[in-house]
Amino acid sequence: MSFAFCSFASCFDIGQYRRVSKQNLPSSDASECVVAATVREPLSPAAAAELAVKLKALSDPARLRLLSAIASTATQEACVCDLSVGIDLTQPTISHHLKVLRRAGLVDSERRGTWVYYRVVPDGLRQLSLLFGTDTLTVSPT
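Numbering (my numbering), first residue to last: 63 to 204.
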C-alpha cells in the first residue's frame, strides 16, 4: 500500500509539521545552568530495578487493594479467606495476585493448617517510602 505524506499531513495543522525557526530561542550556555542541591543520593541502577519490580506489582488495582487490606488490619496480616470477603475476586485470582506481591517483596506468607496468612514486609514499603522522600510508612491526611 503506497502512502502519500502530503495527503496524510494535510490532516494536521500546518504548524505541526512545518519546521520551526530556532532564531528567537535564548542561548543554552551550559555555564548558566544552576545545579540543584540533592538531599539524598539518587537511585543506583540496581536499586531502580528492584523498586521497578515493586512498583509494577502495585500497578494493578486489585494488588494495590489487597496490600491495603493487609496493611489495614491491626496485626498487618490477613488470611486469604479474610481477603476474599472484601474484594470481588475469586480465591484463585486473589492467590495469584498475592503471589505477585510476595515475589516483589511486599508481602510474606506463612501456612497455618489449610490457610495461608500474608503479612506486609515493612522493608519493602520502607524502600517505596524513601523513594518518595518520606521516612514514615503512614501518611497523615491533610
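These are calculated hints, taken from the structure and not from any lab test.
C-beta: ideal position from N, C-alpha, C; glycine also.
Among the hints, a few may not be true.
[Unchecked claim] The following label-pair restraints were derived from C-beta to C-beta distances:
#	residue 1	residue 2	range
1	Thr137	Val115	23 to 29 angstroms
2	Gly175	Pro107	39 to 45 angstroms
3	Asp170	Glu94	20 to 26 angstroms
Status of each hint after checking the structure:
1. Remark: the range hint 23 to 29 angstroms for threonine 137 to valine 115 is upheld by a beta-carbon distance near 26 angstroms.
2. A C-beta distance of roughly 43 angstroms is found between glycine 175 and proline 107, which places it inside the suggested range of 39 to 45 angstroms.
3. For aspartate 170 and glutamate 94, the Cβ-Cβ distance of about 51 angstroms falls outside the hinted range of 20 to 26 angstroms, so the restraint is violated.
Against the hints set out earlier in the document, a violation occurs for number 3 only.
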